[in-house]
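In order, the protein sequence lines correspond to chains P and H. According to the numbering used here, the stretch in the first sequence is residues 512 to 796, in order. According to the numbering used here, the stretch in the second sequence is residues 10 to 270, in order.
Treat the hints with care, since some could be wrong.
[To be verified] Covered by chain P, per the in silico footprint, the following chain H stretches (three or more residues, Cβ under 8 Å):
#1 48–57
#2 60–70
#3 92–105
#4 133–139
#5 181–193
[Stated by the list, open to error] Below, simulated SDA-like cross-link-like pairs (lysine to any residue); rule was C-alpha separation at most 25 Å, straight line:
#6 H:158 - H:221
#7 P:579 - H:130
#8 P:794 - H:79
#9 P:794 - H:164
#10 H:222 - H:236
#11 P:519 - P:555
#12 H:201 - H:234
#13 H:131 - P:768
#14 P:794 - H:262
#15 H:131 - P:578
#16 H:181 - P:718
#17 P:794 - H:181
#18 P:519 - P:794
#19 H:201 - H:16
#20 P:794 - H:85
#21 H:131 - P:702
#22 P:579 - H:125
#23 H:131 - P:575
#24 P:579 - H:124
#25 P:702 - P:529
#26 H:164 - H:210
[Claimed, not checked] Pairwise CB distance ranges (calculated):
#27 H:163 - P:722: 50 to 58 Å
#28 H:54 - P:760: 58 to 66 Å
#29 H:246 - P:712: 42 to 50 Å
Source of the hints: derived by calculation from the structure; they are not laboratory data. The beta carbon of each residue, even a glycine, is placed where N, CA and C say it ideally should be.
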Amino acid sequence: MAKFLPLKEAVAQNLKDGDTAAFEGFTHLIPTAAAHEAIRQGFRDLTLVRMTPDLVYDQMIGMGLARKAVFSYAGNPGVGLLRRLRDAVENGFPHPLEIEEHSHAAMANAYEAGAAGLPCAIFRGYRGAGLAEVNPNIRSVTCPFTGEKLAAVPAVRPDVTFIHAQKADRKGNVLVEGIVGIQKEAVLAAKRAVVTVEEVVDDFDDLHPNLCVLPAWTVHTISVVPGGSHPSYTHGYYARDNAAYLEWDEIAADRERFREWMQKNVMEKTAEDFAGRVEHLRKAA
Amino acid sequence: MSTFTPNEMMTIAASRALTNDDVCFVGIGAPSAACNVARLTHAPDITLIYESGTIGTAPEVLPLSIGDGELCETAVTTVPVPEMFRYWLQGGRITIGFLGAAQLDRFGNINTTVIGDYFHPKTRLPGGGGAPEIATSSHQVYITMAQSKRGMVEKIDFFTSFGHGEGGDHRKRLGIDTAGPTLLITDLAIWKPDAVTKEFTVVSLHPGMTREKVQETCGWTVKFAERLEETPAPTELELTTLRDLQARTKASHEGTVKRAA
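Please construct the entire structure, taking both the sequences and the accompanying hints into account.
What follows is the structure, given as structure tokens:
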């Protein structure tokens with residue numbers, strides 16, 4: 512059953528050095544506050560899994576938390592490249608980063624296979640694609656019924672998944688709505704799941720019956736962090752801070768400027784600071 | 010007729026290729042602008058799909074990312090990402106995959122992964138995202154990009170998304186039964202693959218453009234169709250629609266900057 516804990520303890524109790532961790536969110540509902548807490552606690556040798564490792568993985572990689580990244584699109588969505596990730600891949604700074612690169616279709620299928628308890632995902636993909644030649648985890652199987660050759664990739668099974676969601680009820684059931692992305696699969700594929708939420712409500716009696724609700728017993732720990740996905744957004748609460756994504760491109764371009772920004776905006780801050788960052792974005796949502 | 014830029018011509022020429030009946034998987038950037046101009050002019054019922062799971066979306070402003078809230082709020086429905094790729098793309102329901110490219114070769118193969126060697130890249134680009142499967146599962150693929158010798162090259166550094174491979178029947182030989190790239194729209198011209206070799210061939214020059222300009226900004230020796238047409242200039246409606254859309258977009262993306270009190 513889900514426990515409610517302050518974010519600092521939630522991260523300390525669920526993340527360990529060397530873990531395979533997924534901080535998922537497909538542009539929407541990115542668990543930024545949880546990622547910043549992990550950075551403050553200084554974890555090392557993490558294998559970071561995510562379809563779209565945007566700003567938070569750029570920050571974690573730049574701060575030296577990651578040994579390996581498993582991903583399918585390493586960009587700042589709509590803006591350009593991830594400059595800290597690039598520095599790690601191109602120059603081994605702050606230290607070399609192993610990468611396992613896939614397509615979105617492969618990662619989505621791999622999470623689903625993880626949630627379904629399967630060892631691998633099978634799909635029609637990677638035909639003619641160069642990734643199949645550089646990633647040994649991209650293989651193929653032959654359909655026993657039609658003889659069609661299909662792509663196979665191993666299931667994603669994180670030690671721990673972090674997601675951000677709209678709200679929890681008092682029992683710890685969690686609502687995710689809007690662009691639901693891959694979060695349900697990422698939670699159900701993981702050994703442990705930590706969810707940050709905007710708020711806690713008494714019950715979910717007024718919800719539409721088909722909404723995406725993760726029952727309390729699928730979630731290990733819940734932390735209430737209003738604004739916890741900034742500069743990403745929470746549908747119904749606050750809008751995406753597109754200007755911050757544009758600004759990140761300049762901050763991350765320079766090692767010193769990046770360090771200073773991280774010191775001031777992450778290391779010296781707490782989870783409580785997120786609420787103030789979304790105030791000007793609330794009425795736009 | 011008012012004046013227009015080559016980029017505006019590119020976006021508008023690309024928008025004209027889309028129809029009301031299309032179900033279009035939209036890449037971010039130039040494809041997104043073209044798809045929404047089509048929707049706001051001659052194809053109001055076109056179904057636009059972004060890989061974040063938003064189906065039948067009608068954004069008021071162009072999204073900065075494929076997952077902006079605007080896309081979900083205006084969509085007919087929003088589905089989980091695995092469903093997007095399994096049922097809708099792999100299931101064969103997408104008529105047009107609309108892609109941009111960092112590097113492109115004459116057979117419509119696209120690289121958005123690395124410049125240089127994969128394991129020791131000179132420049133690490135974002136990678137493929139949804140494109141490898143969009144390129145093979147959509148019924149056909151349209152590509153749009155501004156011409157440059159760096160972008161349109163003899164040999165791409167990495168096959169992120171497969172086009173026509175080495176040309177001819179290469180797709181068929183790999184068991185790919187979709188048409189692949191059937192249209193390339195640049196800021197200078199409209200290109201279509203040769204029926205046999207599948208090499209992109211210029212079929213129409215945009216107003217004011219010449220064969221020489223097309224060749225100067227392309228890294229391979231360009232083939233031109235025997236009967237070369239001129240792309241009709243943008244209409245007032247097309248230009249106004251595009252410019253209004255871009256002005257709304259600019260205001261919206263900058264509007265979230267926190268002002269000092």
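Any of the earlier hints contradicted here, and which numbers? Those not satisfied are hints 1, 9, 16, 17, 18, 21 and 28.
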